[in-house]
Amino acid sequence: MTIAKLMGAVALVTLSTPAWAEQVTINLWTVDRPGEYHYKMAEEFSAKNPDIKVNVRSVQFPDMVNELAKAMATGEAPDVTYIDNPDVALFASRKLLLDMKPMIDKSSVIKLDTIFPGPLASVSYKGGIYGIPRGANTIALYYNADMFKAAGLDPNKPPQTWDELYADAKKLTNKEKGIYGLAFSAAASEEGTFQFLPWLQMAGGDYNKVNVPGGVEALTLWKKFIDEGLASKDTLIRGQWDSTGTFNAGNAAMDISGPWELPRMSKDAKFDFRVALLPVPKEGAPRASALGEGDNVIVANSKHPKEAFKFVEYMYEQMPRVWNEFGYMPAYPVKVDKPNYPQAYEVFNESMKFARNRGPSPDWAKVSKAIQTAIQTTLTGQSSPESALAAAQKSIDGVLSK
Amino acid sequence: MLRFNRVFRDGGGFDSVLVLLALAYLVAFSAFPLIYNLVISFQSVDLFTIATFDRPFVGLENYRDIVNDPLFWPVVRNTILFVGLSVVFQLGIGLALALFFRLDFPGSTWLRGLFLAGWIMPGLVVGAIWGWLLAGDFGVVNWLIQSLGLTQQKIFWLSDPSISIYSVIIANIWLGVPFNMILLSVGLAAIPADVYEAAELDGATRLQRFFTITLPMMRAQLGAVISLGIIFTLQQFDLFAALTQGGPSNASNVLQYWSWELAFREYRIGHGSVVSVFMIIVVIFVATAYVRSTRHEHVV
Chain V
347 MTIAKLMGAV ALVTLSTPAW AEQVTINLWT VDRPGEYHYK MAEEFSAKNP
397 DIKVNVRSVQ FPDMVNELAK AMATGEAPDV TYIDNPDVAL FASRKLLLDM
447 KPMIDKSSVI KLDTIFPGPL ASVSYKGGIY GIPRGANTIA LYYNADMFKA
497 AGLDPNKPPQ TWDELYADAK KLTNKEKGIY GLAFSAAASE EGTFQFLPWL
547 QMAGGDYNKV NVPGGVEALT LWKKFIDEGL ASKDTLIRGQ WDSTGTFNAG
597 NAAMDISGPW ELPRMSKDAK FDFRVALLPV PKEGAPRASA LGEGDNVIVA
647 NSKHPKEAFK FVEYMYEQMP RVWNEFGYMP AYPVKVDKPN YPQAYEVFNE
697 SMKFARNRGP SPDWAKVSKA IQTAIQTTLT GQSSPESALA AAQKSIDGVL
747 SK
Chain U
19 MLRFNRVFRD GGGFDSVLVL LALAYLVAFS AFPLIYNLVI SFQSVDLFTI
69 ATFDRPFVGL ENYRDIVNDP LFWPVVRNTI LFVGLSVVFQ LGIGLALALF
119 FRLDFPGSTW LRGLFLAGWI MPGLVVGAIW GWLLAGDFGV VNWLIQSLGL
169 TQQKIFWLSD PSISIYSVII ANIWLGVPFN MILLSVGLAA IPADVYEAAE
219 LDGATRLQRF FTITLPMMRA QLGAVISLGI IFTLQQFDLF AALTQGGPSN
269 ASNVLQYWSW ELAFREYRIG HGSVVSVFMI IVVIFVATAY VRSTRHEHVV
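These protein sequences, in sequence, are chains V and U.
According to the numbering used here, the first sequence holds residues 347 to 748 in order.
According to the numbering used here, the second sequence holds residues 19 to 318 in order.
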């Protein structure tokens, strides 16, 4: 009797083993650290789908493109990975990413037409959809309302146009106290391009059309900020995080950066800080803003595209949580109950409507480099805005015509 | 067994094995990468063709692109400035310190050891510390010179294009001095004391002793330290990454950093290889000089 039971149990175990073996493992690469977005998503998804196991591996943000290309070349690529939005075109153009369009068309979860135009453009390439935004971010103008009052400016009327921004920056600059009117980043890195592109787009240009009068106007204004001491010279080598650090410390009265600053700012900034939309060239000019954050993509030769897509769908569904839990803007309109930093959320959410993609170009790194060179040669006085942008246009044309 | 012993323990067999091991190591880890780098410099390589050998050869096109790049000559000039000034000051200060610590005052060996602390720190850490010191708006150096009344204006050490390369050079000199000092101290210690005593008895002044005894007897060490200094300085990458990223507007860009930017930021891997081929040629010349100066060592 007992022996029979035991044998039955053994039989059960042996029978159930094949079922266990069918568990699918998908590999995920991310720029997050343990405890952040992708780690949480993987954990939750695996808990809900015991038959799918998600392995997570962290890669440093600046190394992602290199590592991924290497892995794809040697056949060791993950199934799902994070890619920064301007780099999607690079991989999509070489057919290294899975076109999710057919799966999305059948999906009851992902609705393409609800995604904001900027994030949607960043995952579209020649009619295909090569990723799903995990969230988004954008930039806006932070300002120190206390300093506005002290300088006799109305803290309820942040600058709306470039002229007003310049005038306010001038009034707010206090050289004795070491206070700059404005902090931003013109660094020779992707951050410089990220910050400059919206100015160019508001003035009628874009990544493929930099040599426009509006571009000259924007660069001239940037140069005036530096030359007249309204912004620090270190703007040329400082990223957004460090520039905003000077705003938090009270060494700059206004600052251009994104929502990722808010947790630190609410701790460090001992003043009434507020957020406004980026000023436009002149009243009535079209708005534009930068588009940051990245996308969840599936690698073309993944062995488990179905499971990978299910995971991507799950992450897409979590959009209402991303603001409060992870600090990204939702990439499609969602209702956020009791958002953190409500005033900032409202402005950034409004700004998302104008957020525009960088590119798309499979050679984005080279386009971006040309723009950075134009910014840097102008701000150091090595060339005029006109000739800098003409030179940039020439190299961009060369890159894009290939 | 006996035969085996004869060949491998007493005969030339063991020697050959040792030589072959060293040779195999060199082929695998030095010769192969060098030659591979040379091959890549003649090919059109991007991120997605790094795993295959089958890439289009483009002849000298990469070389032509690099030499005609408007950045080429400014970067070469910066590299010469960086290497030249770094080596001269590292050597000068290192030699002065080595002579100073030879005076044998209480705690001199202890202090000399402490100097090495700077040298064993990773370049990125050194870079971060110098970055704080030299920051334009809230840097320690600016605060110091302003409180001393040396200048009213802030100096933008890292973001002023006419200064930034010198800021990196200053940090690199600081980093390289301890190594120079230690190597030169060893050389100084090897000079027999009786030579100095004899010279002193003959009435040679301190200066005469330095120029007629110390310098000539240190020739081999100086040659070695200068060659190694040039090679180490050409390898210096971390400080650029941490301090200026070659900027602003490439005002502090040097060959080693440019090569990395081309290959891993713009994904023009062939072009990055061209720049490193130029650097290899320089290093081969310097290494030859180094080998010659160490050969002299045996004579001494």
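Possibly wrong hints are sitting among the right ones.
As the list claims (entries may be wrong) - What the simulated footprint calls covered on chain V by chain U, stretch by stretch (three residues with Cβ under 8 angstroms from a Cβ of chain U suffice, anywhere in the stretch; the number is not a length): (1) 378 to 391; (2) 409 to 415; (3) 710 to 717; (4) 720 to 726.
Source of the hints: derived by calculation from the structure; they are not laboratory data.
No residue lacks a Cβ here, since even glycine has one placed at the ideal position from N, Cα and C.
Hint by hint, here is what the structure shows:
1. 378 to 391: With 0 residues closer than 8 angstroms to chain U, the region 378 to 391 of chain V misses the three-residue bar; violated.
2. 409 to 415: holds (count 3)
3. 710 to 717: Answer holds; 3 residues pass the 8 angstroms Cβ test.
4. 720 to 726: Since 4 is at least three, the answer is holds.
Checked against the numbered hints above, the structure breaks only hint 1 and satisfies the rest.
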